[in-house]
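Participant: Modelling step: build the complete structure from the supplied sequences, incorporating the hints.
Chains as they are written, first to last, in this note's numbering: chain W, 1 to 613; chain H, 1 to 139.
The hints are simulated quantities; they were obtained by calculation from the structure and are not laboratory data. Hints are supplied without guarantee of correctness; some may be wrong.
Stated by the list, open to error - Cross-link-like lysine-lysine pairs, in silico, DSBU-like; alpha carbons within 30 angstroms at most:
#1 W:Lys558 x H:Lys106
#2 H:Lys108 x W:Lys444
#3 W:Lys42 x W:Lys320
#4 W:Lys42 x W:Lys9
#5 H:Lys110 x W:Lys558
#6 H:Lys89 x H:Lys125
#7 W:Lys364 x W:Lys380
#8 H:Lys125 x W:Lys558
#9 W:Lys507 x W:Lys539
#10 W:Lys523 x W:Lys549
#11 W:Lys37 x W:Lys110
#12 H:Lys89 x W:Lys558
#13 W:Lys540 x W:Lys388
#14 W:Lys558 x W:Lys507
#15 H:Lys22 x W:Lys444
#16 W:Lys444 x H:Lys106
#17 W:Lys398 x H:Lys108
#18 W:Lys507 x W:Lys540
#19 W:Lys540 x W:Lys349
#20 H:Lys129 x W:Lys436
#21 H:Lys89 x H:Lys110
#22 H:Lys108 x H:Lys90
#23 H:Lys113 x W:Lys444
#24 W:Lys188 x W:Lys252
#25 W:Lys320 x W:Lys380
#26 W:Lys473 x W:Lys398
#27 W:Lys388 x W:Lys349
#28 W:Lys558 x H:Lys108
#29 H:Lys106 x H:Lys22
#30 W:Lys349 x W:Lys335
#31 W:Lys101 x W:Lys398
#32 W:Lys436 x H:Lys22
#33 W:Lys101 x W:Lys128
#34 W:Lys466 x W:Lys444
#35 H:Lys22 x W:Lys398
#36 W:Lys436 x H:Lys108
#37 W:Lys507 x W:Lys541
#38 W:Lys398 x H:Lys129
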Amino acid sequence: MENGSIKLKILHLEDLATDAELVSRILLKSDIKFELKWVSNKTDYIEALNTYEANILLSDHSLPTLDSFEALQLARAHGVNVPFILITSTVSEEYAVEIMKEGAYDYVLKDRLQRLPRAITNAFEKWKIEEEKKEYYELIRVSEERYRQIVETAQEGIWMIDDNNKTVFVNKRMCEMLEYSSDEMMGKPNYYFMEGKINQVSDPNSGQDALDIKLLTKSQEVVWVSLSNSPVLDNDGNYIGALAMVTDITNKRLYEESLRNSEANIRTILENTTTGYVLLDMYFTIISFNHIAEVSYERELGRPLRVGENLLEYFYGERKRALQETYIEVLNGRKSDYETYFVNPDGSKVWYYVQFSQVLDVNKKLLGIVIAANDITERKEMDLQREKITEDLIQRNKDLEQFAYIVSHNLRAPVANILGISNILSAGNVNPEVLKGLSNSVQKLDEVILDLNDILQIRRELSERKEKVVFSKLVDDIKTSMASQLSKGNVEINVNFDQVDELLTVKSYIHSIFSNLISNSIKYSQPNVSARIEIESVKKKNNIELHFKDNGMGIDLKRRGDQVFGLYKRFHTETTEGKGIGLFMVKTQVEALGGKIAIASEVNKGTEFSITL
Amino acid sequence: MRKTKPPYIVIDDDLLNNMICKITLEMALGAVQVETFSNAEVALDFIRLNYDDADNDDGVTLILLDINMPIMSGWEFLDSFDAFSEDIKKQFRIYLLSSSVDDRDKEKAKQNKNVIDYLSKPLSKDMVKQIDVPVNRTR
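Facilitator: So this is what it looks like as structure tokens:
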């Protein structure tokens, strides 16, 4: 026998010594290895239960102090769960069944005691198997308990469905997430809990899968979850359901969603503004731009903006240099803005107001640069128009002041003389000198009126059409018309128009400028020195210069420099016939053409006028 | 060459005005010595040359001075004149005589301590009678 190696400890409860002897003898005759303890009363029995550690309990049916039923109960009560075998002379069938039900392993009749060894062996075998089974179940129970604990305390929801998508298991967290009880969820298909009640889960057979979906709680609140899905297969590899690990990502999704919304809002603003925005990193690489910027940059630079390219590459020459300077300024923390324009093919200008600003993160660390460009053409045109109107008004006002001055001085002077002479004449003092004075005064009055007409005319002709003027031809024409003056004064005119001989301008003005300056040089030539006039044109970057140089009397600019171009300012009295309007006209006309005039002069050496047009 | 101090000096670049003044003065006062200058600088030189023995001279010379003149204006003349000694200055009575009817000129004239009054051209006999004082100069 298997248990042959084990020495059984048998506790025997029997009040009759003879019967105890008999049992002992029969056992000794069997091949069971054992030791036997015989107790004959309740007290000794209880004592043995506590101390003996029996493997087998044998009990007589009825003792004076207790019966077998009580003996069994005492054993169990003392934690002795070893096999209990009843040995009895007679026992009813009912009692036998009763005590077996209560946990006795077997019963042996006293007149058939030869069966006892077999009964003991069988009972012990049975007990051993039961004990092993008990241990095994305990192991399973413990492990299951541990597993359950893990499942129930998991921060993730666990959700199992069968092959019909019906819920077969949810853990506590899953229930909390959806606010249902486990029972309420059982048997319901997974899509019952999804927004729109549509099965959003991708093909369960596709294996491990993770996706974000929206679930609905019992109170119809949206819960964003991340699902990690794995199929459950049977031993033959057939799909029998799916297990999902479910993570609540509502907060994360809400945050992301609000971020996306705010981004979308900013986008919307950027796309609907009239400002073109280009976002650059700190190396001037294009990161992003809005539609307005895309359109306007392509129009002005002839090349579409591309993310990843350097914006500096889009510019050339002076503009590029200016942009680089601005870039450095902005990097150094200075906000920079300016107005600039591009010229359309038709010659009209598109004006932009451009602002550069730094893009900083929350720690004020430089991330990049934003360039905002506004089309301000309309405003600019209005500004320019307003400026021009203001300028015109100021000029008009100056004209009026000049007019008032002319009226009070130059118009009044000959009138005063005429009055004076008429006083003399009416007193009867008629002499040829006085009469000559009268005629001179009237003539002078007429001249002033003509001058006034000329001066006021310049403004009116501002809009006069421009035409091509050839300088060399212009000078020839003037020479012809001034032939008598030129020959009388023995005047020599040298010209050098090698650099520029043509100009698109208002011909009448340029004619007046040339003839006034030439006639000035003749008028104020030095006595006894033959007049020499040199006229030269010089080409400059954006304009041209005209130089008129003579060897005449010159003007003391230190004393009268501020009045050289003033109306009716004269510097030479007795010697010449100048009336102080020539240079005034020249300056007015040069300025009307958008140019400037400057004078350099030295007394008795000569004068040079420089005109920039 | 030293000249005698004239009772009247007229300074104006307008030669016709100088002639009118001279005739009008003669018409009002009879034969009178009038020095005319078309350049104020020359007039200053004349004063400098002829009026330095001022200390024992209590005669008066009347100046009719134009304002708007090339080279040296009436104002500039007055500035230079102010630099003369009191003994010289007291020998003059200066009137501005201008064609200007601009009030600003009149205002400016009144503020100049060396100017007695502002006269508007042309000089008439009535004006001469108003400004003429016994001048104690050889006429």
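Participant: Look at each hint and say if it fits the structure.
Facilitator: Going through the hints against the structure:
no., hint, verdict
1, W:Lys558 x H:Lys106, "28 angstroms, holds"
2, H:Lys108 x W:Lys444, "28 angstroms, holds"
3, W:Lys42 x W:Lys320, "116 angstroms, violated"
4, W:Lys42 x W:Lys9, "19 angstroms, holds"
5, H:Lys110 x W:Lys558, "29 angstroms, holds"
6, H:Lys89 x H:Lys125, "26 angstroms, holds"
7, W:Lys364 x W:Lys380, "35 angstroms, violated"
8, H:Lys125 x W:Lys558, "41 angstroms, violated"
9, W:Lys507 x W:Lys539, "19 angstroms, holds"
10, W:Lys523 x W:Lys549, "14 angstroms, holds"
11, W:Lys37 x W:Lys110, "19 angstroms, holds"
12, H:Lys89 x W:Lys558, "29 angstroms, holds"
13, W:Lys540 x W:Lys388, "26 angstroms, holds"
14, W:Lys558 x W:Lys507, "34 angstroms, violated"
15, H:Lys22 x W:Lys444, "21 angstroms, holds"
16, W:Lys444 x H:Lys106, "25 angstroms, holds"
17, W:Lys398 x H:Lys108, "22 angstroms, holds"
18, W:Lys507 x W:Lys540, "21 angstroms, holds"
19, W:Lys540 x W:Lys349, "23 angstroms, holds"
20, H:Lys129 x W:Lys436, "27 angstroms, holds"
21, H:Lys89 x H:Lys110, "17 angstroms, holds"
22, H:Lys108 x H:Lys90, "21 angstroms, holds"
23, H:Lys113 x W:Lys444, "34 angstroms, violated"
24, W:Lys188 x W:Lys252, "28 angstroms, holds"
25, W:Lys320 x W:Lys380, "23 angstroms, holds"
26, W:Lys473 x W:Lys398, "35 angstroms, violated"
27, W:Lys388 x W:Lys349, "17 angstroms, holds"
28, W:Lys558 x H:Lys108, "25 angstroms, holds"
29, H:Lys106 x H:Lys22, "23 angstroms, holds"
30, W:Lys349 x W:Lys335, "26 angstroms, holds"
31, W:Lys101 x W:Lys398, "135 angstroms, violated"
32, W:Lys436 x H:Lys22, "16 angstroms, holds"
33, W:Lys101 x W:Lys128, "19 angstroms, holds"
34, W:Lys466 x W:Lys444, "34 angstroms, violated"
35, H:Lys22 x W:Lys398, "37 angstroms, violated"
36, W:Lys436 x H:Lys108, "34 angstroms, violated"
37, W:Lys507 x W:Lys541, "23 angstroms, holds"
38, W:Lys398 x H:Lys129, "40 angstroms, violated"
The structure does not agree with the numbered hints 3, 7, 8, 14, 23, 26, 31, 34, 35, 36, 38 stated previously, though it agrees with the rest.
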